[in-house]
Amino acid sequence: MASVELSQITKTFGAHDVIRGIDLTVDDGSFCALLGPSGCGKSTLLRMIAGLETVSGGTVRIGGADVTQAEPKSRGVAMVFQSYALYPHLTVADNIAFSLSLAGTSKAVRAEKVAKVASMLRLGELLDRRPAQLSGGQRQRVAIGRALVRDPKVFLFDEPLSNLDALLRVQMRLELAKLHSDLGSTMVYVTHDQVEAMTLADKIVVLDKGAISQVGTPWELYNRPANRFVAGFIGSPAMNFLRGTARMAAGGIAVTLQGGVTLTLPARATQDFVGDRPVELGIRPEHVSVASGTGAQLSGRSAVVEYLGNTSYVYVDTPQGSVIAEAAGARGLQSGSPVGLSLNLSEAHLFDESGRVLAAASV
Amino acid sequence: MTGATTDGQSTSLGYMRRTPGGVLLTLLTLIAAATWFFPIYWAVMTSLRSDSDTVTDFGLIPANPTLEGYIFDIVHSELPIWYLNSTITSVGVTVAVVFMSACTGFAISQLRFPGRMLLWWTILASFMVPVTALIVNHFIIMANVKLLNTHLGIILPMLISPVTVIVYKQFFDGLPKEFREAAVMDGATELQVFLRVFLPMNWGVTTALAIITFIGSWNAFLWPFLVSQDEKMMTVTVGITAVQDAFGVAFGRVLAGAVLASLPVALAYLLFQRRVTQAIALSAGIKG
Ligand SMILES: Nc1ncnc2c1ncn2[C@@H]1O[C@H](COP(=O)(O)OP(=O)(O)OP(=O)(O)O)[C@@H](O)[C@H]1O
Ligand SMILES: [Mg+2]
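Taken in order, these protein sequences are the chains called A and B. Quick note on numbering: numbering that gives the first Met the number 0 labels position 245 of the first sequence as 244, and the sequence is numbered without any gaps. Quick note on numbering: numbering that gives the first Met the number 0 labels position 2 of the second sequence as 1, and the sequence is numbered without any gaps.
Worth flagging that the hints you see were computed from the coordinates, not collected in a lab. Worth double-checking, as some hints may not be accurate.
[Claimed, not checked] With a cut-off of at most 30 Å between alpha-carbon atoms, the simulated DSSO-like pairs for lysine-lysine come out as follows:
#1 A:K115 x A:K72
#2 B:K176 x A:K72
#3 A:K152 x B:K176
Computed from a predicted model, the values in this text were never measured in an experiment.
When you get a sec, could you build the whole thing from the sequences and use the hints?
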């Protein structure tokens with residue numbers, strides 16, 4: 000077991016900066032998710048921790064030791080690949096035992112360790128099969144078993160569940176969570192699926208174009224996004240963004256949206272500023288509700304109504320922009336009808352021109 | 000599956016059996032097969048006739064079948080030695096070509112070293128040069144290093160086989176890089192990646208290349224003919240011509256020799272064909 004510390008990590012492919020100076024500490028025993036859109040450099044970062052990719056600049060430390068130049072096998076890490084990469088010519092047992100047999104472990108010890116891993120992952124009956132004779136979920140478990148048997152200090156996962164169907168993904172997610180609590184090892188987990196990151200990780204790192212956008216707990220990322228990118232990336236349906244100008248007012252910050260509507264956000268910690276300032280007001284769909292009469296702060300026409308069973312989402316076109324509202328009770332809503340919207344402004348966020356948060360929701 | 004629409008193969012066969020077009024096609028195929036097969040059949044039958052019968056008996060089945068030709072070849076000619084020579088050189092060439100090509104293909108495909116592309120282009124370029132164009136040079140070189148009339152002399156120039164290198168390189172290129180990375184994470188050295196992952200993963204390719212190389216070198220004529228002038232160093236293919244030259248027109252013996260010469264190749268193919276299909280099926284199943 001060990002922590003992973005990255006300092007000032009950079010990676011360039013030719014003239015292309017893929018990772019731009021990342022500082023990150025993954026504590027011993029924590030489950031850290033690297034989250035971000037496709038091409039943001041998640042896999043590259045993980046592969047640099049694994050030693051499969053050289054580091055252009057900076058240092059990688061595992062368990063306090065500088066492993067920047069170390070071979071993958073001497074880093075004490077194991078990796079589970081998205082494509083599983085099981086050796087097709089070997090049985091499940093031999094796949095799991097491959098690293099042991101390379102290390103010259105005796106047959107008896109090998110069999111014992113394989114049996115232990117197999118019972119942990121419920122692979123007992125499959126040990127004599129070949130990868131081609133396994134289902135996707137079983138292959139996934141073998142791939143995890145292959146990592147497990149090496150007893151690594153750090154587990155690295157690169158989108159391990161993305162080849163599974165939705166139901167199996169949920170099931171494997173639970174198994175991974177259980178595995179983590181059983182083993183207590185450090186795990187670094189790459190995903191572009193925010194639900195996986197939110198449910199599994201105790202620490203999420205959101206990457207944007209090769210740089211860290213925000214690091215925090217799932218709660219922090221969802222409720223206290225540090226910038227517009229994280230605010231827009233986390234949450235589904237995505238946060239609503241409305242352009243406007245902000246100025247300090249008596250009761251808080253007054254935001255005048257396009258079309259002349261002025262909303263006053265309650266007082267909250269923010270750096271004082273003078274005069275008008277272009278901002279974007281961000282508010283999640285669950286903090287926007289359908290209202291009528293004087294309760295409505297915005298009004299528009301509903302474009303689409305999505306019924307999800309436990310709730311509904313209404314896509315409303317307003318003069319201020321398009322707004323998604325959660326409308327749990329609004330059964331009679333039809334597309335095209337006029338809708339009034341009420342915003343829970345204590346949950347709203349303000350982002351300045353550069354996308355940084357200007358004023359976060361109140362605690 | 001008995002439904003007419005669910006089992007495409009049986010319906011299409013049934014369809015062909017019923018229509019005149021299908022019957023015609025079957026007939027044509029049979030004729031083509033017979034045309035292809037007849038010379039082989041005739042050679043085998045002639046090899047079972049005595050020398051005088053070969054020019055008088057033209058029945059489909061020999062009237063007085065005899066093993067005279069075979070016995071003569073085996074007892075009175077150097078055929079057993081030629082067999083041994085063919086075996087030594089063909090096995091030698093096959094093992095060396097397959098192993099060296101696999102190594103070279105792996106190196107060019109997976110390792111990064113200076114001159115890698117130069118090596119690759121050299122191999123590609125050598126593919127463009129027909130071996131016959133080099134045969135005089137080969138002969139002179141072998142003569143200079145005193146390897147004429149030796150097994151090594153037959154084997155060495157036959158090791159030039161850019162095609163197998165190209166096949167291996169392309170094959171290794173096509174493997175997902177995760178296999179290699181998984182092995183590296185598991186602690187494998189380059190050599191272990193090659194010997195324990197990449198090579199065993201594609202026995203199908205290796206078997207197929209080995210069979211092709213074996214058949215090619217067993218059947219090789221021009222180079223062994225040039226380099227082995229001593230009757231004791233001849234391969235089967237070269238030796239049979241010697242029988243003909245040495246004993247005049249004796250169709251029975253010549254064809255008995257030909258049948259014996261082609262036997263190992265036919266056997267090898269028949270034996271290994273099953274393993275080839277097996278291996279290919281296996282590697283295809285993995286990708287699914
Ligand atoms: N070997 C390479 N050579 C050149 N560019 C590369 C190489 N590997 C990755 N890149 C580039 O680096 C960037 C980040 O790639 P990376 O695979 O880390 O993305 P990712 O975040 O894992 O995306 P995804 O979610 O699609 O897997 C991409 O723009 C990619 O094109
Ligand atoms: Mg990736």
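Structure-based check of all given hints:
1. A:K115 x A:K72: holds (22 Å)
2. B:K176 x A:K72: holds (17 Å)
3. A:K152 x B:K176: OK: K152 of chain A and K176 of chain B at ~24 Å, within 30 Å.
The structure fails none of the hints (numbered hints given earlier).
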